[in-house]
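Undergrad: Here is what each chain is made of, one letter per residue.
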Amino acid sequence: MPTITDERASGAAPVTAAPAVRRRRRTPLAARLRRDWPLLAMTVPAAGLLVVFHYIPTLWNAIAFQDYNPYAGVGGSAWVGLGTFERMLSDPGFWDATVNTLALTGFQLVFFFPIPIALALLLNSVLSRRVRKVMQSVVYLPHFFSWVLVISFFEQMLGGAGLLAQEMRELGMEPLNIMNNPETFPLLVTAQSVWMDAGWGMIVFLAALSAINPSLYEAAASDGAGRRRRLWHVTLPGLRPVIVLLLILKLGNALSVGFEQFLIQRDAVGAGAAEVLDTYVYFQGVVVGDLSYGAAAGIFKGVVGLVLILVANRVAHALGEQGVYSKQ
Amino acid sequence: MTTATIKRRHPERPVWEEEPSPVGKGLKGIALTGIALAVVFPMWVVLVTSLSPERVINESGGLVVIPGELSLRAYEQILSGGTVTRAVLVSTGVTLVGTVFSVVLSVLAAYGLSRRGSVLHRPLLFVFLLTFLFGPGLVPSYLMVTGLGLKDSYWALILPSAINAFNLVVLRAFFMAIPQELFDSARIDGAGEVRILTRIVLPLSKAVTAVVALFYAVGYWNAFFNAVLYIDDNSMSPLQVLLRGMVLQGTNPTGFAGPTPGTAVVAPNLAIKMAVVMLAVVPALLVFPFVQRHFTKGVITGAVKG
Amino acid sequence: MKRPLTAAAVDRRGFLSLLGVGALATTSGGLLAACGSGGGGAGDQGMATQTDKLLQLMPTYKPVELIPPDIAGVGGAPNGYLSYPRNLVQAITETPGTSGKEISAMAPHWGTVPPALGGNAYYDAINTRLGVPVKFSLQDGVTYYEKLNTILGAKDVPEVLSIPSWNVAGLAHFSDAAEALFTDLTPHLQGDKALTYPMLANLPTKSWLECIWNGKLMAVPFPSDGFAWGFFYRKDIFTKLGAVPPTTAQELYDLGKAVTDPNAKRWAFGAITWEVERLFGSPGTQEGWRKNPDGTVVNKIETPEYAAAIEFMTKLFTDGLVHPEMMNSTGDAKQLFNSGEMLMTTDGFGGWEGALATEPAINPEFDMQPVLPYSHDGKATPIIRGGGKVVFYSFIRKDLSEDRVKEILRVMNWCGAPYGSQEAELIQFGVEGQHFTRGADGTPVKNDLGNTEVAAPYAGISGAPAIITPAKYFDKVQARVDWNNAAMPFMEKDPWEGIRLEIPSKVAALKQPTEDKINDIIRGRTPLSELESIKKEWLQKGGEEGREFYAKALSDNGR
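Sequences listed follow chains A, B and C, in order. Residue numbers for the first sequence, in my numbering: 14 to 341. Residue numbers for the second sequence, in my numbering: 24 to 329. Residue numbers for the third sequence, in my numbering: 8 to 566.
Think of the hints as simulated: they come from the structure by calculation, not from any bench. These numbers come from a predicted model, not from an experiment. Any given hint could be a false lead.
SDA-like, lysine to any residue: derived pairs with alpha carbons at most 20 Å apart [stated by the list, open to error]:
| no. | chain 1 | residue 1 | chain 2 | residue 2 |
| --- | --- | --- | --- | --- |
| 1 | B | 51 | A | 138 |
| 2 | A | 146 | B | 66 |
| 3 | C | 272 | B | 78 |
| 4 | C | 483 | C | 353 |
| 5 | C | 272 | A | 185 |
| 6 | B | 51 | A | 105 |
| 7 | B | 174 | C | 142 |
| 8 | C | 559 | C | 182 |
| 9 | C | 548 | C | 558 |
| 10 | B | 48 | A | 142 |
| 11 | B | 174 | C | 163 |
| 12 | C | 272 | A | 188 |
| 13 | C | 542 | A | 105 |
Model the full assembly from the supplied sequences, consistent with the hints where possible.
TA: Laid out in structure tokens, this is it:
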């Protein structure tokens, strides 16, 4: 028993990771299974559900390699190898949409991702318990709005017939073109996303902040660390594992930047600005009933996401972070 | 820390924390007010519109900012449907059972994967992570659910969406942040995994567990697509399916089921839509305080010291 | 096909010949006559072999007219009734159900779902009359497409499945689904066999023609009135502003200029694209394909009419005559129209019905009227774009016993009883005293229970021919019938009518990117001169394949 504990303890410390590996190799699999079976047993129910309701149905994505006809079934449809992928990847429209999507993801990583964190820090610093509680329980409410409602709202405030435009007309000015401007579209959609989901995204960071040991602040303060230094040396390290985790997951989803939001505003700014991968696949696959195309695009997105997660995780490890999964 | 400042100190401010500068204080006030307005104003508009009769909505050309005449017609119309009571019960039941089920399984799995160096944890973690990246098709999922005899069963609303990989890895990240010494000392005391989980990990992870429970609960409460697919029996419909129907009232593309003459005044469609938004917001407002309770500071200190 | 067109084709601009009065009178009139009165019509040789074969599948048409119309629809347009009939007829005396075994049915639904079977007196009342309970599963109309895709792919369908025509268009390989999953109704309904089901024999032949898959009669239609959309204006506001409905494109533009006033929060136009294309005579059938008099098949994008329509539309948008909220897909056209923020918009006639039901109570002056058909220069013969002839298809599951299929058809027959029958009243309003009371003029008025329980599903699994009644049109019955009768002669002829087209996905996938680029022109994001290069790209990326496909469909069918 004590030896096992020792091993785990050393495995936990990144500095001693290498010896731990060597030692683990000597522990036979059977012994490790005997040691860890309660942990495995705890994981099995959830994993089992996913295997049944997710993985087995996911195998159906093999239709990406077929000219699939649902009524002939996977067994009865002709296999076309990589034909669908070739068609998809040689289509400039597909790459335009991919580039657009990545650009929007990049934009949102910079201008959306930090906001829930900042919001959590701001609200957490509010001293009045009442104000804090009220603020915390209202800022996430726009999350329950649908995209249609969010965009209608923006339209009625900032659109050509909206409050702002009417106000400007009354003052004899030419109204600003906010809702129909392809150039500023990334800004617009990010603003919409922030308004809708920043509060919701904040909740997880609130939980992370509550897990930081307050005595660390006290110790830092008594060492003479000011507000900014405490934020840098106590708060951020406390939040870092969660931030890195969410950042990596976000990267894994880099090719899904949204769907409805872009579909709705497509006509307003044109496909050149609003076409993202999901809308492109929708029109090329779903609308025309080409299920194989949809499956192929799904696989493409999954593989790209996987690569991004693996790379990002590697980078995180290099920076001494834990990432999504640990090194060993 | 002079005596002069102590007088003005906020009672909640920890003794070691210095007074903020007036500028910082002012900026914070402005930011908070701005954020509050950005959220409260639209909520206000949604509420007022949901309470407005058609005439007022027509005059404003859509969403109503300044309340005119008020009417409860939209809410009456939603709540008077004979099947609403039953649908609320269905949704509540599915949400409660589903949330408990999901949270228990997720916590177990997250804990099972959170121990550094445990056998097979990396491949298992990938089992969860990959669901994040590759999704199943509708037809095979349907075949699986019906094949298990779950069509027209409430379990069809729970099992297929019971595990969310995002929630699971978030839980795991929090579990892994718990100081290693706590585990070591527990193990030296001879505690098994279940005991460590329930006696050490969970008490230290109340906030994140509550947050994950909230995420699952909101997911179950607002889900409708699984019901569309797997529930054919209209008497088993959850609330969201019913509410969607009400929003669609009068949008029949063929117009053949349009209102008949002499029927009671129909609430305007926009008011119904907004009332439905309000009905989605209210349960969240009711539940959030229970989540928020766990956002208190100092849990870990207590545990370590104790 | 060439023969009946020639007379009309010579003296008019080429593109209109196909759509003009002459063409319609000879071809579709001939078709209707041929099926309608047992082959006594013009004997249209243009509809060659294959179509003849399709016509042979058709159920014998035998109209059931329980009450004579107050205003007759001309040329196949629906009849109008000005009052609710006093003496209702029992159209069907036999009890259709014999087995007592529950029939499972699924239908789309838009609105509050009524209480399910077991807690619904309306269902019970009808099921008692049917002699067999029908258990409906009513499904969200908006997500019905996903539901259908799933249950069809999983081959798990109820005994009766109602599918909206616009859903069928998007379901891949649907003819394979029909073959694999549904009963071939030809042996039950072909020719005089249909007379066993008199209410089904009462359905127009044009709607039955759309029920053919793989050369078999696969479904029972719920017939439409044959019109797609109308272009509506606010007559009350027009009167106040001293404006009159346009009769040429120039007038439409001038009108737009005159009534648009952003400071007063008033714009002329809402949904406009469809109307402008129609106005300039751009083809509207089959994704814009048409057959020229010389026999060639062209798409709208290649025609000068379309180019003219795009140029005109660009002016409307860049001059700010379209309501800004209509730029986004969230724009609620009905709301903006009802509130008077925009004065003209395209809508379905169902939209008119909805507005008539709710708006006058809020704004007594509210007056919504359709613009009568006109053409861009006021001289060319206008065209009216037709809609599909079927709203819903009802399919019967495969592998049911012969007796079961017959029982279900008898149930559909009962549900298809037309206006003026006790059956139709029961379906539409429920039981007198329980679900509705009668107004002074005999019109049923639903009470609270009626509003809760009565839903459309029974009407959805079969249907009577479309009619115009005060139940939907109030005092506007005359206006609607007048519009129909004015529009009917200009109905665009679809050369592919009755031919089941499953468009190659390469051609179908071309649609959205092309529309996006056209849209960029209309909104002023790219210059009008781009149209030429859009056309070239379209031709090169699949337009030619589309042409071959559509031309082949015609030649295969001898048209």
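Undergrad: Compare the structure with each hint and give your call.
TA: Comparing the hints with the structure gives:
no.: 1; hint: 51(B) with 138(A); in the structure: 9 Å, holds
no.: 2; hint: 146(A) with 66(B); in the structure: 18 Å, holds
no.: 3; hint: 272(C) with 78(B); in the structure: 17 Å, holds
no.: 4; hint: 483(C) with 353(C); in the structure: 18 Å, holds
no.: 5; hint: 272(C) with 185(A); in the structure: 14 Å, holds
no.: 6; hint: 51(B) with 105(A); in the structure: 48 Å, violated
no.: 7; hint: 174(B) with 142(C); in the structure: 16 Å, holds
no.: 8; hint: 559(C) with 182(C); in the structure: 18 Å, holds
no.: 9; hint: 548(C) with 558(C); in the structure: 18 Å, holds
no.: 10; hint: 48(B) with 142(A); in the structure: 16 Å, holds
no.: 11; hint: 174(B) with 163(C); in the structure: 11 Å, holds
no.: 12; hint: 272(C) with 188(A); in the structure: 13 Å, holds
no.: 13; hint: 542(C) with 105(A); in the structure: 18 Å, holds
When each numbered hint is compared with the structure, a violation occurs for hint 6 only.
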